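Participant: If you want the building blocks of each chain, they are given just below.
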Amino acid sequence: MSRARRSVPVESSFEELFMTQFVAMRQFAHLLGADDPENIAQEAFVRVHRRWGHLREHGKALAYLRRTVANLATSRLRHLKVSRRHPLPLPADVVSAETSALNGLRHSALWRGIEELPRRQRQVVVLRYWLDLDVAEVAALLGIAPGTVTATTSHALARLRTEVSQ
Amino acid sequence: MTDDIERDLATVLTARAGHAHTDAHHAMAEHERRMRARGQAMRTRAVAGAAAAVAVVALGAALALNPFSTPRPLMAAAPPTRSAPMTRPAADPTFKLADFTAQGKRWTAYVMIDKLTPPDETVPVDCVEIVGVPAGQIATTNTANWYPVSVGCHAIMHSPSDPLFGAFGVLNADDTDPGPLPNLLVVVTEPAVSDISIVDPGGDTSHASLLATTANVKIFVTSKHLELAKQVTYRDDRGTVLRQTGR
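Residue numbers (the numbering used here), protein chains in the order written: chain A, 1 to 166; chain B, 1 to 247.
Any given hint might turn out to be false.
Heads up, simulated SDA-like pairs for lysine to any residue below, C-alpha to C-alpha not over 20 Å straight-line [to be verified]:
#, chain 1, residue 1, chain 2, residue 2
1, B, Lys224, B, Ser209
2, B, Lys230, A, Trp52
3, B, Lys230, A, Arg112
4, B, Lys230, A, Glu116
5, B, Lys230, B, Leu164
6, B, Lys230, A, Pro118
Selected chain A positions facing chain B (in silico; Cβ < 8 Å) [as the list claims (entries may be wrong)]:
#, residue
7, Asp36
8, Lys60
9, Trp130
10, Leu133
11, Thr148
12, His155
These are calculated hints, taken from the structure and not from any lab test. Quantities reported herein were computed from a predicted structural model and do not represent experimental measurements. From the three backbone atoms N, C-alpha and C, an ideal C-beta is built for every residue, glycine too.
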């Protein structure tokens, strides 16, 4: 059985990657501000699939996938020259109504702030605080220096603090 | 050291990401479709010489003799039914969007509404397809000469809480090419939506044009970028606001 599986590793592994990562990549594109996250995730997987042999051999598939989604979302945003606004309702908290209201306001303000961040800052924030990548991983994914990631994160947080405090 | 804003960031991003639900199985069906379409496009570009035909026949014969070397379908690890094609009705509603010129030829862009049944499932899903075909042809599911970046099925996820099913650029899926119709946006909503008003950054209001109505969706077209708009409001025929974005 395992031999049989090894004889077709490319396709079975790609399917596994797709089924485990598609939703996450769609969410990733959505958080980056893409207006067509489903299409971006699909396009990213098509590109990964077409390069699958190379990516599989080097274990680079997930990083390539994330980078492709980030690039496609960026390209789409650059094309539209926009920052997105998707004021979707936040899920209800399980705390008191008053705390819930305050958190809701704060979270809404924070999301507005995220949407208004410059592209690179938004990418870094999403990668660090949603995907939970460390500085080195973010740097490698975006092709920038670790110091740039740190500085960009710092600038983004400062900007978000201002947004929330207003 | 994690401070409040960092904790809140994780919370907010997780909450917002949670709204971007999709069905991975439907998505895989769409992926298969795109891969087939890309393969078809590549084959269309290739020169179909007699020698190549002979080679294909020879390869097919070789593969028939040796099933273990048969090229694996995308879903090779899955049960056989998973790689079965999606089933579709004989005819799909097709709506003309616009004519355009690209690659030295005239083309026509269409929106198609499909109802596809993914493998392993019995319930069909609604899909929106935005395609280009040579001018003079009407897009059908059997069209052979798609414009290269024609986009396959966008599965429509009917949400009881959101009348907006999706907004799609036209033939601009490639990141290096804004496409031949960069200012056209297709907006797909639930049938209850009868008006989409768009307030642009300058304060002017316009309305998306209704292109088509089917049993399950309405299709609007606009030249406005919804993301640039100050406000976008979706109303039903009584004027009730069903959805509003912007500030």
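Participant: Checking hints one by one. Is Trp130(A) an interface residue toward chain B, by the C-beta closer than 8 Å rule?
Facilitator: Since chain B brings a Cβ to about 4 Å from Trp130(A), closer than 8 Å, the hint holds.
Participant: Against the 20 Å threshold, does the CA-CA distance of Lys230(B) and Arg112(A) hold or violate the hint?
Facilitator: 14 Å, holds
Participant: Using the nearest Cβ pair, does Leu133(A) come within less than 8 Å of chain B?
Facilitator: Violated. Min distance 12 Å.
Participant: Does the alpha-carbon distance linking Lys230(B) and Leu164(B) stay inside the 20 Å limit?
Facilitator: 17 Å, holds
Participant: Hint Thr148(A) vs chain B: min CB-CB distance below 8 Å?
Facilitator: 19 Å, violated
Participant: Is Lys230(B) within 20 Å of Glu116(A), Cα to Cα?
Facilitator: 14 Å, holds
Participant: Does the nearest C-beta of chain B fall within a distance shorter than 8 Å of the C-beta of Asp36(A)?
Facilitator: Given a least distance of 6 Å, the restraint on Asp36(A) holds.
Participant: Under the criterion that the straight-line Cα-Cα distance not exceed 20 Å, is the pair Lys230(B), Trp52(A) satisfied?
Facilitator: The hint is violated at about 42 Å.
Participant: Let me know if the C-beta of Lys60(A) comes in closer than 8 Å to any C-beta of chain B, holds or violated.
Facilitator: Where the cut-off is 8 Å and the nearest Cβ of chain B is about 19 Å from Lys60(A), the hint is violated.
Participant: Keeping to a limit of 20 Å between CA atoms, is the pair of Lys230(B) and Pro118(A) held or broken?
Facilitator: 19 Å, holds
Participant: Hint validation: His155(A) versus chain B, beta carbon distance must be below 8 Å. Holds or violated?
Facilitator: 13 Å, violated
Participant: Is Lys224(B) within 20 Å of Ser209(B), Cα to Cα?
Facilitator: 11 Å, holds
Checked against the numbered hints given earlier, the structure breaks hints 2, 8, 10, 11 and 12 and satisfies all the rest.
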